[in-house]
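Residue numbers (the numbering used here), protein chains in the order written: chain A, 1 to 233; chain B, 1 to 325; chain C, 1 to 246.
Just so you know, these hints were derived from the structure itself, not from any lab.
Check the hints yourself; a few may be wrong.
[To be verified] Here are some of the chain B residues that sit facing chain C, going by a computed Cβ distance under 7 Å:
| hint | residue |
| --- | --- |
| 1 | F181 |
| 2 | N194 |
| 3 | E195 |
| 4 | A200 |
| 5 | L201 |
| 6 | G202 |
These numbers come from a predicted model, not from an experiment.
We put the beta carbon where it would ideally sit given N, CA and C, even for glycine.
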Amino acid sequence: MLEISGIRAGYGSMAVLQGIDMRVEAGEIVALLGSNGVGKTTLNNVISGFIRPSGGSISFKGVTITGKKPRDIVALGIAHVPEGRKIFPNLSVAENLKLGAFRRASGNAKQNFERICAIFPRLKERLGQLAGTLSGGEQQMLAIGRGMMSEPELLILDEPSLGLSPIMVEEMFGLITKINADGVAVLLVEQNVMQSLGVAKRAYVIEQGRFVMQGDAAGLLADPQLRQAYLGM
Amino acid sequence: MRLNSVGQIALVAAAIAYLLGVYFASSPVWMGFTINALIVAVIALSWNITGGFGGLSSFGHAAMYGTGAYASAILQVKFGLNAWIGFGAGILAGATMGAFIGALAFRYGLRGSYFALVTLAFAEVLRICASSFEFTGGGSGLQLTLTPGIGNLQINDRTVVYTALLIVVAAVMALTALIKFSRFGAYLIAVRENEDAARALGIDTYKIKVQAMAISGAFGGLAGVLYLQLWLFIDSTVVYGSAVSVEALIGPIIGGAGTVWGPLLGTLGLHLLGEGAKHLLPNAPGLNFVLYAIVLICALRFLPQGLVGLAGRVGPFKKKENDNA
Amino acid sequence: MLEVRNLSKSFGGLKAVTDANLDVPEGSIVGLLGPNGAGKTTCFTMIAGFTKADVGTVRFRGQDITGLPPHRICELGMIRTFQIVQPFAGLTVQENIAVGAYLHHHDRRDAMSVAREVGKRLGMGAMLDRPASSLTIAGRKRLELARALATGAKLLLLDEVMAGLIPSEITEIVGIIRQIRDEGHTFLMIEHVMQAVMSLAETAYVLNQGKMIAHGPPRELVKDPSVVEAYLGHGAAARLQEGSHA
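Please model the complete structure; the sequences and the hints are all you need to start from.
Rendered as structure tokens:
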């Protein structure tokens, strides 16, 4: 569904991605693992159209999306939940969610809203609350919920577990599994290697702007090289 | 002062060459023009302390400039005191005004645009007060009696004036360098880069900012006094007007805020550009201000580190050891 | 070394911290755990002087420091770091560390040489002349620690220093913290990364909704039902209990 080939990208004179080939099939959870600063967020930004790659191409459902504007990419069915949540603190939970729906004007907005509330009961309880007063975990859920409002077929999650307590991290990964069960493919960018490999079907490991390992999740989890480099075992 | 590249050395050399070349200029116009530019350079250097090193952009530096000028003028005209006393008093008055504005603004945690607007407000209030009170000469301003002589700090010989100004500018730049490489300077820069992190490392950020305003004010007052002694006449628009505040910030931003050479290079460059514009298009008075605006916009957009930064990219040297100069 | 008694703070109607008590013995590493919004950072900001407590006292090395401004507390030897690493972007690594060193070394040469020495001790010798903005996240965390150490601080308050690190980087920073502790420093750390808490902390306090609900060695805490309920979740608790038996 999502095909990425030969992507090179960077910021100004700094080259970050050095030739990335990957894919995400419909309905899969694919994990993108690696430490901070090696290119994971850059790749997400390229997919979503925030950054132009200097080389390579990306296609989604057969349509080339490299060079398209972010709003067109969202319209095609990709939603990007950025690192650090980035919700609107002075707006209510409900308003934050509704803002997620503006593009996919399919008339299903109200139903989507109900559906999201069903998936995220905590948000439903707090619809009138100012988003800035939510806890970190609740804000993360709000960010994901907002992303879901555009009815994506591919959800890109950038470090959803960052700064969350262990219990919230668990809830988060449970949510990801649930969303995926509804048929949404997920590209999960994470530092929490263990739990990510627990929910993902396949994974790619990125270092210094290129992939150093890839394969199905179970295999990677058992790989001694990965265990040593990333799990410190 | 560290010059890190061929480009920077060339730029500085060009400036020095120009300044020395003025002595041999065929027309006295050059010296007169450069004298004006040098006074502006002093207030640019003053702005650079808070705006450049401290990251506190003031839009009202005229407040310190004007206060220095008025303090000296009042002491001379109303109290008959000697010009040298006026000189010292002007610098002190500038420092005090700077500290006062800083103490008030930073007490309430003003930063960024809020700080800029408050400084502008102060300058404007002072301007209006100066033109309203008899004490400050009201609308007619203050005129010093023409009594040439070094004892009265009124020098007729243009060349002597020029040389004196060169020395003053060099001294202020030397002080700027001293500050940059001192503990105070490091703390000020830290406050600019990240005030919260600075506080967390034991820096009394309020005190540092107020001190920076005081030093900046002293240099600003100095510039005001120099202007007074040169032109012997000031009024509220001339010394408290926004033109002064703009000139204060434009030179450092274009030359390179937070550097030692930036304010001088930027000011000289701009003034030369303005002169050039006047010659090319003599029928368009005021065009130089339009040019200033365009250059400022371009500098802000494309040259965040100013001319010094740009020159730094031309033939950089790599230093192996960290220079403790 | 640090004694906190009855610390409380409300923001408007919201009770951020209620009656917090904790002790940090000299030379130890103590954890401060709890869900987001539980009041951990508020505790830190009160202890370090960035926020004024409504009620309560903080004593550092026997001296009452409640209500002192942050820079005074820093002079006395307590430094806090930030959740989001904050290097002085325009400066080199050495210059960054020197800002810390200047606290007790007023001469530039002194400060720079202390900065060099601290930088080398934390393994940053090769990076001293690079701009701080070029460091990786793990590097920035080291820088934050180096800067804090350069001030001569004896007690370091670390706010989620492990956030955003992959497990092998976590192991690296854990090693550095241990090294620093062995050199004679004390740590109070807010942390979610249980891997780090289990390896480092001798004791931990758990905050939930502003109140302390438990404290003790981490091994005990992972078995405490109220901690599991509020903070760890059953999955994590099971993994950690398993780990601690291994």
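Checked hints:
no.: 1; hint: F181; verdict: holds, 6 Å
no.: 2; hint: N194; verdict: holds, 5 Å
no.: 3; hint: E195; verdict: violated, 10 Å
no.: 4; hint: A200; verdict: holds, 5 Å
no.: 5; hint: L201; verdict: holds, 5 Å
no.: 6; hint: G202; verdict: holds, 3 Å
The structure is inconsistent with hint 3 alone, although it conforms to all the rest.
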